[in-house]
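Got chain A sorted already, so can you dock chain B onto it with the hints?
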Amino acid sequence: MSDVYGRTPFKATRRGLIGFSVAATGAMALAACSDDGDAEVDLDAQSKGAMDDFKADTQFKATEPFTLSLLWTEWPDLPVTDTWTFFDEIEKRTNVKFELTTIPFSDAVEKRSLLLSAGDAPSIIPLVYTGEEDSFVSSGAIVPMSDYVEHMPNFQKYVEEWDLGGMIDNLKQADGKYYMLPGLQEVSVPVFTLVIRKDVFESVAGGIPETWDEMREALVKIKAAYPDSYPLADGFEAASMLNYAAHAFGAQAGWGFGDGMMDDGNGGLQYTAVSEGYKQMVEYFRGLVADGLLDTDSLTAANDGSGGGSVAEKFANELVFAASGSSGTAIEFAQALNETVGEGNYEVLQIAPPGGPAGQVVEPRNFWNGFMLNAEAAESEYFLATLQFLDWLYYNPEARELIRWGVLDETYTKDADGKITLKPEFSLDAYNINPGAPTDIQADLGWSNSVFADSTEARSLKESYNTPTFVEYIDSVLSTRTPRDPNPPAPLDEMELEQASLLATPLKDTVDTNTLRFIMGERDIAEWDDYVAELEAQGLQQYVDLVNGARTRFEEENS
Amino acid sequence: MVTTRIDPERVLRGPSRGRETRGTRVFGAFNTVFLILLCALMLYPFITVLAQSFSSPGAINAGQVSFWPVGFNTDTYAAVMQNETFWRNYGNTVLYTVTGTAIAMVLTTTYAFVLSKPHLKGRKVLIGIAVFTMFFNGGLVPNYVLISSLGMKNTMWAIVLPGAISVFNLLVMKSFFESLPKELEEAAQIDGLGWYGIFGRIVLPLSKAVIATMILFYSVAFWNDWFAAFLYLDKTELFPVTLFLRNLIAGASTTASEGAAAAGTTTALVSSNIQAVTMILTVIPILCIYPFVQRFFVTGVMLGSVKG
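Sequence lines, in order, name chains A and B. For the record, in the first sequence the residue sitting at position 261 is 261 according to full-length UniProt numbering, with numbers rising by one throughout. For the record, in the second sequence the residue sitting at position 274 is 274 according to full-length UniProt numbering, with numbers rising by one throughout.
Excised from the complex, chain A in its bound form:
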């Protein structure tokens, strides 16, 4: 049947959309030729509304009111409503009014690319994860934030306090500047890890595994007790499990694969997918599949919202006892188990990712989502005030608490020890706090909204709204696991970036396909050397040299 256009302009698939965002980014490179990305910024002349004595831990208030346009991602269950006090309170405190461009969460990344490509993006672009800014750098569509962080005292204070300077350096592009400011986390634990049936692991397998070898032994015992089960599962096309497992084997995989390059221990970079650690990891999971311990559907099926290959369903029906997930997944599993096993007859627990040959290590410390600024913002006469405002909004402890909990003594109280309690007439349903109270501070008032609330968090703030089991999880990771060091930076320049993406994409395709084929047993592990040779035929060495060249240059320029 024909559609509105009488042809099929675009298949409504995620993959298709990714294609279009790539095209859009390409088009942007052309579109942006005309405007000079490095327009002269004179902060003295662009200081309208800015505070003269703005410093860390002070309340920002613009000396004259102004409006900032903001890209607002709308989650389907959290529409902005008239009852939201979030925007009013921010305006009251800072004299800054937001003007929203709303985009649906489902295709937010694609729409963001389109808006930036067409030169139509609002000033503030939140919810940017590190690396997502790369494609907008060369066209000059976004502001090099590193040029202006000196005007952002709160940011600098947290970076120093939480010892994040080295990680910030890793954000640098080839020109030595960084273009996004991330959400800073005092403590960083893997968001996705294993969610297990604690009661079954304790009764059948003799405890919670601390390493992947122990995990294997536990899975064997569970399989013996539940012969129909495939006790371990992923649900995110293997990307999640390989992500947190790889570190224990001294490799990078899945979501954490990145550009494939990782620390070689000598200050250079090596391609992780041909490393010994990567092979060990593949062999380990291959062994699990061969023994029927790993649910293979959950490695291949697309995620339909409750885990690919119906993981939640299998978890509920005792066919899976450990699966990848976040704290949200744990809640989902618990809900499903209530229907089958019954409340009180099970215990679900998020555990620290098991250790392995590389030690009890987990992913490097991480940033969380931050923001970038549309280049047009740097032309505004309120530019300095904008920087100060964003510094306050993203990095001021009081602002962070405000965004999470609302107005002190109005929606929540704080005792002498700093313990935060939500007032009984308010609830925060998303975290199951005061359920049943008449007003939800998130849905009804706009606090704890996902656009700003999760970004920068002190440990105490993070613990203030999470469940005791999640706090326990944070403790267990921090006390028993070491985060790996971040990879040494090797920012590529524009030409290199293009070359690298031409080389890296087919390499990664080969890696992804063959990793799964090896794990699923579709390809003989004896062919590992052939697989390495295939990568080499695709220009692996050239790619590694390219990145290491950039690494050496960076080292020379920044030492």
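Take the hints with a grain of salt, since some may be wrong.
Result set (EDC-like, lysine to aspartate or glutamate): computed pairs, CA atoms no more than 16 Å apart in a straight line [said to hold, decoys possible]: (1) B:LYS235 / A:ASP120; (2) B:LYS235 / A:ASP82; (3) B:LYS235 / A:GLU132; (4) B:LYS153 / A:ASP82; (5) A:LYS177 / A:GLU132; (6) A:LYS419 / A:GLU398.
Listed next, the stretches of chain B that the computed footprint assigns to chain A, with coverage defined by at least 3 CB atoms under 8 Å from CB atoms of chain A [said to hold, decoys possible]: (7) 134-144; (8) 228-235.
It is worth saying that the hints were derived from the structure and are not from the lab. C-beta: ideal position from N, C-alpha, C; glycine also.
Chain B in isolation, oriented as in the chain A frame:
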């Protein structure tokens, strides 16, 4: 000239059924079974969604729902129906569909009528212009820039105007008009009707079937379309319900990156139950139109397709 002798009795008898051979009976049985299975295959997803919409979220997660609701609940219907955004977007969809279809019908019928006249000068060029757009278009970003420079961004016109003429529908209509007997128009001309009169009083009344079909095509397309709205609208209060639905469904299934997956699972725990309810509420109206237009639908398409 070849004359064919027609046997009236045979015509009255209808197509020869002859003796039913074993072959035809087997074929008939096979056909029936096959079509029933096919029908079941088509209906199954719909019935599952319907069942899910009346089930408890826990039962859906546990995979207990297939044909019948488990843990019957109508609370979700009540909750979704109280959602202001949903109804506002629903209203938008109705508005866009009605306006879009009306505009599209006016433009398509008039354009097709003109193109169906062989004596029209430059007819080939006009057809060429239309057909050209079937194969080539400016691309996404240029289209976006065009629409926003025309000032249509964040207005209904961005949704209804770019898709106002579907070339496929245009060509179907054109062939239909071409198949109307020329004598009727000539007679009307002799009786003093101008071109507008001929079009309005003779051609349109004779084209009810094809018009009904086109209305159906256009309205279904406008109803289902979310992409144009996704591109050109930045305000939730302007979104059509399909965009609301897409956000609800596609937002929950993300494996692209850890950040996206985290955002998908920790903040938007939209249950399959809510998704199912919204889907049902969204498809009902368009589903109701089908039975009424169906008879035009079949004849209309057939009329347009065979020319001769």
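Status of each hint after checking the structure:
| no. | hint | verdict |
| --- | --- | --- |
| 1 | B:LYS235 / A:ASP120 | holds, 14 Å |
| 2 | B:LYS235 / A:ASP82 | holds, 14 Å |
| 3 | B:LYS235 / A:GLU132 | violated, 24 Å |
| 4 | B:LYS153 / A:ASP82 | violated, 23 Å |
| 5 | A:LYS177 / A:GLU132 | holds, 15 Å |
| 6 | A:LYS419 / A:GLU398 | holds, 14 Å |
| 7 | 134-144 | holds (count 7) |
| 8 | 228-235 | holds (count 5) |
Violated hints, in rising order: 3 and 4; the structure is consistent with all others.
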